[in-house]
Amino acid sequence: MSTTEPDTRPPDAPDWAEVQASPDFVELRRRLRRFVFPMTGLFLVWYLVYVLLADYAHGFMSTKVFGNVNVALILGLLQFVSTFAITMLYVRYANKKLDPEAEKIRERIEGGDE
Amino acid sequence: MRPAQMDLAQSVSGSNPALNISIFAAFVVVTLVVVFRASKNSRTAADYYAAGRAFTGPQNGIAISGDYLSAASFLGIAGAIALNGYDGFLYSIGFLVAWLVALLLVAELLRNTGKYTMGDVLAFRMRQRPVRAAAATSTLAVSFFYLLAQMAGAGGLVALLLGITSKTGQAVVIAVVGVIMIVYVLIGGMKGTTWVQIIKAALLITGAAAITLWVLGRYGFNLSSLLQGAVDKAGAAVLDPGKQYGKTGLTQLDFVSLALALVLGTAGLPHILMRFYTVPTAKEARRSVVWAIWLIGIFYLFTLVLGYGAGAIVGPEAINAAPGKANSAAPLLAQALGGPVLLGFIAAVAFATILAVVAGLTITASASFAHDVYANVIKKGEADPAKEVKVARITALVIGAVAIVGGIFANGQNIAFLVALAFAVAASANLPTILYSLFWKRFNTSGALWSIYGGLAVCLVLIVFSPAVSGNATAMFPTADFDLFPLANPGIVSIPVSFILGWLGTVLSKERDDDKYAEMEVRALTGAGAEKAVAH
Chain A
0 MSTTEPDTRP PDAPDWAEVQ ASPDFVELRR RLRRFVFPMT GLFLVWYLVY VLLADYAHGF
60 MSTKVFGNVN VALILGLLQF VSTFAITMLY VRYANKKLDP EAEKIRERIE GGDE
Chain B
0 MRPAQMDLAQ SVSGSNPALN ISIFAAFVVV TLVVVFRASK NSRTAADYYA AGRAFTGPQN
60 GIAISGDYLS AASFLGIAGA IALNGYDGFL YSIGFLVAWL VALLLVAELL RNTGKYTMGD
120 VLAFRMRQRP VRAAAATSTL AVSFFYLLAQ MAGAGGLVAL LLGITSKTGQ AVVIAVVGVI
180 MIVYVLIGGM KGTTWVQIIK AALLITGAAA ITLWVLGRYG FNLSSLLQGA VDKAGAAVLD
240 PGKQYGKTGL TQLDFVSLAL ALVLGTAGLP HILMRFYTVP TAKEARRSVV WAIWLIGIFY
300 LFTLVLGYGA GAIVGPEAIN AAPGKANSAA PLLAQALGGP VLLGFIAAVA FATILAVVAG
360 LTITASASFA HDVYANVIKK GEADPAKEVK VARITALVIG AVAIVGGIFA NGQNIAFLVA
420 LAFAVAASAN LPTILYSLFW KRFNTSGALW SIYGGLAVCL VLIVFSPAVS GNATAMFPTA
480 DFDLFPLANP GIVSIPVSFI LGWLGTVLSK ERDDDKYAEM EVRALTGAGA EKAVAH
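Top line first, the protein sequences correspond to chains A and B. Residue 81 in numbering that gives the first Met the number 0 is what sits at position 82 of the first sequence, and the numbering runs on without skipping anything. Residue 226 in numbering that gives the first Met the number 0 is what sits at position 227 of the second sequence, and the numbering runs on without skipping anything.
Keep in mind that the hints were calculated from the coordinates and are not lab data. Be careful, since some hints might not be right.
[Claimed, not checked] Listed next, the stretches of chain B that the computed footprint assigns to chain A, with coverage defined by at least 3 CB atoms under 8 Å from CB atoms of chain A:
#, segment
1, 97-109
2, 252-262
3, 470-478
Glycine is no exception: its CB is placed at the ideal position from the N, C-alpha and C atoms.
Chain A with its partners taken away, still in its complex shape:
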């Protein structure tokens, strides 16, 4: 078996490699990756820190802050807060910085072959 599929693209299909190399697309990819990679790293580290604290730092986590509410409960609720916050931040970023750029490139590609 050959290592690549036979090229079945119709002759008027867009030149994907050319689009991929275009400055607009390079900028779109840069914007996407600049947001999602660091953000993923951030929430994964924050989640792991929380899990390790809950797992190994019982004394610290059991410290009462007010009433019966301890550090563990507050950090747990903060995981909810950070999840909601990252969600909202991403939506705002995507609406403003990603969608218009993606739409521009998409229209150029689809306008060309439809």
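Following the hints, position chain B against chain A.
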């Protein structure tokens, strides 16, 4: 956590089985009517697999939460918090944070590049047949474990809520649940299944919200007083982490392993991924995830109150004495607050939950078999779409039958363990390949195969030799003794191994298709050439 160890005895005292069955029957009748109406325009493959891609983001977000909030998260987590306190809460946090992986890295790119299944995306720039066969294998494996968990839970619920204690009686009820589910899937396809999930999610979240407000109202809307109530009944340890996982160094490590599988598993669950194809665009897929995150997050906040509420109002002794133990915490709380009517409502919601989740799993597994294996591996991409849908329907029948038989045999097995297993397999076999395919130019067929089969194999082997299967009284085979691997959760080993295998398989193979990656990347990021909604 073993919240779902179902000990079968008589039903909860004071429960009214006739009332419980009537409320559930009403749910089934209403959803069947909806499914019939929804199926009128359902003819093409895109209708059957992806509901014509015509759902809106909010609708799909509600359906996703209906698909995701299984009986294990509803009954299991509330019960775990009631009995083990804070450690039960850790579960819900993993289940929620995991959605960020889906939101940031997977949902939109997947919607833009695939058609019906996970295999569409994984095989996009690879050799079709081997990668699709691998994707279908892991889809079927994950769906099978998840299905077993849900069906096994149905048996315990029957005992708990309907007062049916004989194994034969429970088997009959499991079969009835399975048959109703098959009807939903065969008649309604993805559209019908989606509506069932939407209705179920609305009932579940409304019910949980009502009980949460009721519990909080009893404690003057003061969280600290509610916690005091739980402490008075169950001891101060319920507020602190470690009651369950802090016992030994091994249980602590086991917990880290579980936490990894939870946070990385969600974005690799095929039945969740398939839901992103039911909306018209990537932007709607994004809105779906946002809605799902809010609904699931708010629901898990409710379970915190439900769990501590059950601990404070019902008390751990009464919960442990009830059939189903931890799983009965939420139903008992409903009964303590609202009497048999509220209990009947919660019981019906629990059944509806199982029904909706099982239907979603069945349609996913049948789509993967028909689309990946039948149409692309056997027919080499030349299958007639009508024939393909027919194969999908037949597969759904077979999977339904397997679910019924498996459910009858797995009755009494530990649900939480089976669900954790499904997450571990999804995180090991699926997620690394999905991420590599979407983001790594060099990735190729050999890397995909190594990662999927390697991740799956390591995961399954470690589980077979884990203490969950043999070597102690709570294991699946308590009398056998081959627990060579010390952890019940394989994730901490199998997930990194799968990532490494994906990399190694890739660099050891010369295959590289930069043009195809260019097409995939441009389509993924811009939505050019993405599958459009079906116009009716």
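Now for the hints, and whether the structure bears them out:
1. Residues of the segment 97-109 of chain B with a Cβ under 8 Å from some Cβ of chain A number 6, which satisfies the need for three, so the listed coverage holds.
2. With a cut-off of 8 Å between beta carbons, the segment 252-262 of chain B has 4 residues touching chain A; three or more are needed, and the interface restraint holds.
3. Counting residues of the segment 470-478 of chain B whose beta-carbon sits less than 8 Å from any beta-carbon of chain A gives 0, not enough to reach three: the coverage restraint is violated.
Against the hints set out earlier in the document, a violation occurs for number 3 only.
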